[in-house]
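Number of protein chains: 4
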Amino acid sequence: MSLRVGLIGFGRTGSIVASEIIKEPAMSLSWVCRKNISSDFQYASHALGKDSNFAPFVSAENICEHFLKQNPVDVIIDFSNHHSVKLYEQFSKFNIAIVSAISNYSNEELQIINNESHNCPILHSPNITLGINWLMLASKLLRKIIPHADIEIVEEHFRDKKDASGTALRIAEQLQLNPKKHVNSIRVGGIVGKHEIIFGLPYQTIRLTHESINRAAFGTGAIFAAKWLIGKTPGLYSMEEVLQKKFIAQIENM
Amino acid sequence: MSLRVGLIGFGRTGSIVASEIIKEPAMSLSWVCRKNISSDFQYASHALGKDSNFAPFVSAENICEHFLKQNPVDVIIDFSNHHSVKLYEQFSKFNIAIVSAISNYSNEELQIINNESHNCPILHSPNITLGINWLMLASKLLRKIIPHADIEIVEEHFRDKKDASGTALRIAEQLQLNPKKHVNSIRVGGIVGKHEIIFGLPYQTIRLTHESINRAAFGTGAIFAAKWLIGKTPGLYSMEEVLQKKFIAQIENM
Amino acid sequence: MSLRVGLIGFGRTGSIVASEIIKEPAMSLSWVCRKNISSDFQYASHALGKDSNFAPFVSAENICEHFLKQNPVDVIIDFSNHHSVKLYEQFSKFNIAIVSAISNYSNEELQIINNESHNCPILHSPNITLGINWLMLASKLLRKIIPHADIEIVEEHFRDKKDASGTALRIAEQLQLNPKKHVNSIRVGGIVGKHEIIFGLPYQTIRLTHESINRAAFGTGAIFAAKWLIGKTPGLYSMEEVLQKKFIAQIENM
Amino acid sequence: MSLRVGLIGFGRTGSIVASEIIKEPAMSLSWVCRKNISSDFQYASHALGKDSNFAPFVSAENICEHFLKQNPVDVIIDFSNHHSVKLYEQFSKFNIAIVSAISNYSNEELQIINNESHNCPILHSPNITLGINWLMLASKLLRKIIPHADIEIVEEHFRDKKDASGTALRIAEQLQLNPKKHVNSIRVGGIVGKHEIIFGLPYQTIRLTHESINRAAFGTGAIFAAKWLIGKTPGLYSMEEVLQKKFIAQIENM
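Residue numbers (the working numbering), protein chains in the order written: chain Z, 186 to 439; chain Y, 186 to 439; chain X, 186 to 439; chain B, 186 to 439.
These are computed hints drawn from the structure, not numbers from a lab. You may find that some hints are simply not true.
Identical copies go unnamed one by one, so any copy, or any two together, can satisfy a pair.
[As the list claims (entries may be wrong)] Calculated lysine-lysine pairs in the PhoX-like style (CA-CA distance at most 20 angstroms, straight line): (1) Lys412 - Lys329; (2) Lys366 - Lys347; (3) Lys325 - Lys430; (4) Lys365 - Lys379; (5) Lys365 - Lys347; (6) Lys431 - Lys329; (7) Lys431 - Lys325; (8) Lys430 - Lys329; (9) Lys208 - Lys235; (10) Lys430 - Lys417; (11) Lys325 - Lys379; (12) Lys220 - Lys271; (13) Lys325 - Lys366; (14) Lys379 - Lys346; (15) Lys412 - Lys430; (16) Lys431 - Lys412.
Only chain Z is shown next, with the shape it has when bound in the complex:
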């Protein structure tokens, strides 16, 4: 039976993620919660260029116990914004797995997530692509192997992106580097997103590079996370942890 998904958020990234979900054979998109419900489209399926009627839009106010009984889902995928965390209480009552890709929670909001994770499995990762999480884990391992190497992070994005990328800051944190000194941000043209971690030794240089081609990578990551999360015991998880467990399982078999 296919996994029933409730998607929160239908902005620039959310709608691309929706496209990926409806392409995935093992999943079905049950409904999409979005901020502004227009009269133009009642169904996400239409907004995504499909003829048939499925994945109706619903507003946050209408998400309640009754709605969830009538429109049951196995997993929530959240690409909206930090406000949606207030809906999580509803989901946890039904023990629905939650994948959150939101990056800027306040401390109070993180506390809510923590609390609800006692009742349902929640996976929270600000950057949910497989590639970036692999990059992070592989870099941490490399740093342990060659602790004396110098490390710099270079990230490149489109000209209008403000501030250093959240992903680069997270990598710096994981590698215990001062982001003000070791994160180098390049802003030019329309670069979708590139992260490079450079390890310098006296006689050799190692580079780990991740390049985003388009935002659909978030969809692939979220689908991977959702499949992994289904059936897990309540608790708070992250993509890094998921990959770390896979690393351990694989490395012992090599």
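Since chain Z is already given, all that's left is putting chains Y, X and B on it; use the hints.
Coordinates of chains Y, X and B only, in the frame set by chain Z:
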């Protein structure tokens, strides 16, 4: 007490490795076995620009039980060529650890190494740099995580290097790729050595790149290997294994 | 007054080019010639998500003297396929400038283009992006400056792209390199398009790299070409020539 | 007849440049002016590992009219430091061509160079490699072609290199970029030297990259400059100008 090293080979790479060994505080270079003993230099120390007399040159014919009793070492580092394998019997009698960085052993020679490794620990790795071995291991792990990714290997070297690099072929083998189809060799100018493994997914690309700055990287790798090998039980080891064990130890602590 | 454009071709690339043209203040899209006129859309404007009615679709059979009198344009931009060359006779009668981005003309078709260019200015370039043409010209210049350098071309594209890229082959030809030996094609995942030309000298390496982010780059290039072509005397032009003239004009002022 | 060279400076870079000069068939190294004349070596030839006696060392104090008459040269190559500019008066009296690769002249010293260039041809370029100067010129041209592109400069060097590279600052100046905002300096391990100029457009990115393999590149550049300078009328020249003239000559023949 510092580790006493016997070095075999004093060619282009061997002499750079010797320089690294004499810079290493925890090691001392006891002697150097080389093919042509000239009358110009009796000591490797002089050939390396040092004033004091140490690390005398010795020819392969003179390496025997008597010599090794008079000139005891804890570890042999071999950067000569496949012929030197015939000396290993002498070393194994004294349970001396052996680090071999030779790439082109015949099957008979590999058999000798295998036999002698019952008496002493032998670490054999054709490419002994930390960076390349990390690259290999990290790629294998990444392939397990994203088995559906397309993989290509690009290696760049100086114009006169013939054939695909042995390291690239080894990476292909480890990743179960047909080297004829997936190893791309670039030969231009004076590039010391660059290996890049490209993992392509529909929406993202990951690149792992290793660039050699100069051959002293082999010295660093051999020193690392020698320190690790000392005190190990007899057996056949490789740099990949050493790193794999380090990976496992680290990943479980993260 | 804005430049009136007739666009031929409305496939994957053509429709993105159309989007770029309607965003360009100095241009207006008069009509679009496409293969299959469906009853769903009468106007390209609708297919591009605009409410107003402009840029009607027309089929190739209906392009005739009468149509062009009723629907006059200043420039034709052709992103369809080699068959459309048979329409050029109609355009040249009216001295309409033609920008052709078609890559696979037969010799007969090239002859037609040649003939018609006696009556109207035609710019023909298989790869019409500014970046690629700059790359080509800069490489040719670099080769003249350092003729002894080794040169290799590396091109990366999505896994399903067959054969070496036409652009890479053209670069090889311009640099007088045997494409079978010096064009290296990497096919992985979803890479949009990357071309790198590596110049190797004994002590230094120079790389010129062009990365496509998306196909709209063709639109920018075609718009640049169309503006340049307007008012030129009849004749056959190419993007390389346009850039070469700009190079000369600029270099003498530096 | 081969070109007679007087070399000033025999430090880390100077001695490598000397090696390149003695390898060059069309040149002969007449003498080398160095700061500290030791009793160990009377001849640069010995310090460079040659058996024969040539290229005697001379101290700056001994460079006078008499010395230059006895030891005539066609061209001076200066890799010492800004102090040596005080010797230029001697050279200009004999109309000897001067190639200066010094980077940190004071305004007074630049004035001296200017004055002496009325009597002899002087080529002054802080970074004298062909590659870097080509990079600079090609970037300036590209900026003229696509003036709306965003530009960033990334330079990578060994960990101990202080401050932004002089070359990167010069590139920024030539491209009219604020170096504080647009030069990004990466310091890790033992990277010899890498400069990358990134041009970002909405739909495409162009990168020009120069990688130094070792310092002998300065020798190649100085030799190229010296050959070009011989026979020129007195005046002040730069590598950029030399390349610019070559560009113009080539582009008109393409």
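(request) Go through the copies and call it for Lys365 and Lys379: within, between, both or neither, with a Cα cutoff of 20 angstroms. (result) within (18 angstroms within a copy, 22 angstroms between copies)
(request) Measure nothing new, just compare the shortest in-copy and cross-copy C-alpha distances for Lys366 and Lys347 to 20 angstroms and report within, between, both or neither. (result) both (18 angstroms within a copy, 14 angstroms between copies)
(message) At most 20 angstroms between alpha carbons: which applies to Lys325 and Lys366, within, between, both or neither?
(response) Result: close within a single copy only, 18 angstroms intra versus 30 angstroms inter.
(request) Go through the copies and call it for Lys379 and Lys346: within, between, both or neither, with a Cα cutoff of 20 angstroms. (result) within (13 angstroms within a copy, 23 angstroms between copies)
(message) I want to check one pair: Lys430 and Lys417. Are their C-alpha atoms no more than 20 angstroms apart within a copy, between two copies, both, or neither?
(response) within (14 angstroms within a copy, 29 angstroms between copies)
(message) As a check of your reading, is Lys325 near Lys430 (CA-CA no more than 20 angstroms) within one copy, between copies, both or neither?
(response) Both. Shortest intra-copy (14 angstroms) and inter-copy (15 angstroms) distances satisfy the 20 angstroms Cα cut-off.
(message) I want to check one pair: Lys412 and Lys430. Are their C-alpha atoms no more than 20 angstroms apart within a copy, between two copies, both, or neither?
(response) within (15 angstroms within a copy, 30 angstroms between copies)
(message) Checking an output row: Lys431 and Lys325, CA cutoff 20 angstroms. Within, between, both or neither?
(response) both (15 angstroms within a copy, 12 angstroms between copies)
(request) Have a look at Lys430 and Lys329 and pick one of within, between, both or neither, based on CA distance no larger than 20 angstroms. (result) For Lys430 and Lys329, both the intra-copy (18 angstroms) and inter-copy (12 angstroms) Cα distances are at most 20 angstroms.
(message) Regarding Lys365 and Lys347, is the shortest C-alpha distance of 20 angstroms or less found within a copy, between copies, in both, or in neither?
(response) Classified as both; 15 angstroms inside a copy, 18 angstroms across copies.
(message) Within a copy, between copies, both or neither: which one fits Lys325 and Lys379 at a CA-CA cutoff of 20 angstroms?
(response) within (18 angstroms within a copy, 22 angstroms between copies)
(request) Pop the pair Lys431 and Lys329 into one bin, within, between, both or neither, using alpha-carbon distances up to 20 angstroms. (result) both (19 angstroms within a copy, 9 angstroms between copies)
Figure legend: structure checked against the earlier numbered hints; every hint is met.
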